[in-house]
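K.L.:
Chain by chain, the residues run as shown.
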Amino acid sequence: MEIVLVGLNHRTAPVEVREKVSFTADQARRAADQLRARGILDETLVLSTCNRSEVYGVPPETSHNCLSGLASFLSEFHSVGPDILTSSLYHHYDRHAVRHLFRVSAGLDSMLLGEAEILGQVREAYRSAHEQGATGPVLNRLFQGALEVGKRVRTETELGSRPMSVAAAGVKLAERIFGKLNGHSALVLGAGAVSEQVISTLRDRGIADLFVMNRSRDRAEELAQKFNGSVVEWASWDTGLLKPDVVVSSVSADEPVLPRRVLESAMNARGNRALFVMDLGMPRNIEAAASDLYNLYVYNLDDLSGIVQQNRQAREGEIPRAEAIVEEHVGKFLSWQASVELVGLVSALRARLREERTTFLHTRLASVTHLSPKDREQMEVLMDELLEKLLVEPAERLRGERELRRKIQNVEALRDLFLSDRDKR
Amino acid sequence: MMRREQGPMPHIFLYLTVLAYALSFGSYIRFLRTGREIAGGLGTLFLVLGLIAHYFALLERSRGLHTVPYHDLYGSMSLFGWLLALTYLGLEFYHRQRSVGAFVLPFILVFFLAAHLAPADRLSPTIAHGPVFAFHVTLSILAYAAFALSFVLSLIFLIQNRLLRNRQLSEVVWRLPALELLERMSRSSVLVGLISIAVGTILGFIWVDRLTGQYWYYDPKYVITLVVLLLYAVYLQLSRTTTWRGARASRLCIFNFVIVVLSFTVVNLYLSHSHRYF
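Line by line, the protein sequences are chains S and C. So for the first sequence, my numbering puts the first residue at 293; every next one is plus one. So for the second sequence, my numbering puts the first residue at 198; every next one is plus one.
These aren't lab readings, by the way, just hints derived from the structure by calculation. Just so you know, even glycine gets a beta-carbon here, dropped at the ideal spot from N, CA and C. Among the hints, a few may not be true.
Covered stretches of chain S, as calculated for chain C (at least 3 residues, CB under 8 Å) [unchecked claim]:
| # | segment |
| --- | --- |
| 1 | 463-472 |
| 2 | 556-566 |
| 3 | 584-590 |
Computed list of chain S residues with no C-beta within reach of chain C, every gap over 10 Å [claimed, not checked]:
| # | residue |
| --- | --- |
| 4 | 304 |
| 5 | 624 |
| 6 | 631 |
| 7 | 710 |
All chains should be modelled from the sequences, with the hints used to inform the complete structure.
P.N.:
So, in structure tokens, the structure goes:
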């Protein structure tokens, strides 16, 4: 067993358990230290996000019961009863652990398929563990591979490129009309959570000016301040609709906030410059009859949810390509791992054979008296030469041929075959 | 003047041009599909290579036929394709926008292929020589290429606008360029066209004056060119007004191009004496 993973995620554990077992950055460092100090793991990395807590590690060679050790450590560290934990924990070894991590960093294991944050979280967890000295050659290589997978999946597939929220879909749609949003301004009606989400997306996409309009001015001030916008008097349509090209409305009201006549006169005042309206209210904030006004583009919740739905399907269509990238890198990692192990095996074999040679000569030549010390020395040299000859070729082939390394997947079996228990590792 | 009947020789530049334009087309399509900058950059690169190869293909063809490219229909078409590519490239650099390339490249390819794969037509003796005449023709063809480009851009605008207005938010919407950009590109394209047709026409009059000593003799081509000039000037003005901004201006732009097409089909073939091609 080379790599072990124990953890839980949004699929195996409810939020009540996840929040108990989650690690802060500081806790993660402490846990890594303790795991190594107690000899449960040689190399350790704790990955903890709001949807998962996972411990990756390389157990010491002598460890036989690393898994139960890890599980009881987790239950002790977080003071969670072992019975609650065991039902939520999953564990993977070696190639399965590698594949799991690569799928995680690709966003394939996320609650929101292909989300981008996880890659940053993996990078941060690795950086922190590396700095602390908790990782070693195996985990370093593993996490560098994971970061590469994450990057490739995001550049080579569309798994993460399509907006999955109504707010993001709406902003992206506005870009279909105005192109880049810098140089354009937006008016946001309402100051609730939805408005905040849209404003943050608009800011991310580089909107130039931001105006907030709300019945209660206080909340509008708060929101405007947070995102460096300005407050506009509620219902001051004559001036308020003159400048912005994007209007987002998320107000709870029984009557439409923007009736057709208001929008009609606004369009006239604007000289029919295109106006994009995102109606996120339910019931709708924009009178339905307004949507036939010239150069006015109105989209309601249903239109935008439709886009999100489409995007979800498109993302799902990208899964096979992402999985293929994951598999490619799993193969690469395993081949690297095998090469390291095989090189180790060859040198162990060499040491073992030399030892054999010494005892062999010692016992067999004890009774041979006519050999001078010089002859004995000569025999030792000759036997060493023979041993080297036998070992050099396979060792070089192992270094050079990736395909051969791939074929020899079970290095453990080779060890068992050539080295007795005493010599293992 | 004695002239050998000779078809255009299949030449290395011909293949190179087709290859470069096709690769450019492929890259622009890929850019449209994936949005990857590298694909767009390759599109531009291949277009530039295509332009260079096309230039040599034109040169080769003219040498083979002992004439200027615009002296027969096919040569004019090839020159038109070349200037279309050049105008598009200019627009691309000016607006830093590559997603229109996929729509323009097919036109360039068609004009090039049609021009170079067709047999050369029988040439009549010509009195068309000198730099003034050369500029007159080149600028006029450049103007038509620019107008053709604005036609394509307006067409894409109308398609995109219709999809957006009808909330048909399918895959296509995300691939087409933004409306405002299409509008801007179309306007700058028309501006290029207007300037070059104005200068080209003036040079034409100067050339006629040198040739015959009189500025004006009636040719239906003059009338229709004047109409085209006026229509595009009107488009430029109206496309910024309250009533016309947006889809209406784009329809006008498309209508204008129909007149342009009329100008070099009906007028050239049946009405005009001095303007056979363009």
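K.L.:
Taking the hints in turn, state whether each one holds.
P.N.:
Against the structure, the hints come out as follows:
no. : hint    : in the structure
1   : 463-472 : holds (count 7)
2   : 556-566 : holds (count 5)
3   : 584-590 : holds (count 3)
4   : 304     : holds (35 Å)
5   : 624     : holds (24 Å)
6   : 631     : holds (33 Å)
7   : 710     : holds (50 Å)
When each numbered hint is compared with the structure, no violation occurs for any of them.
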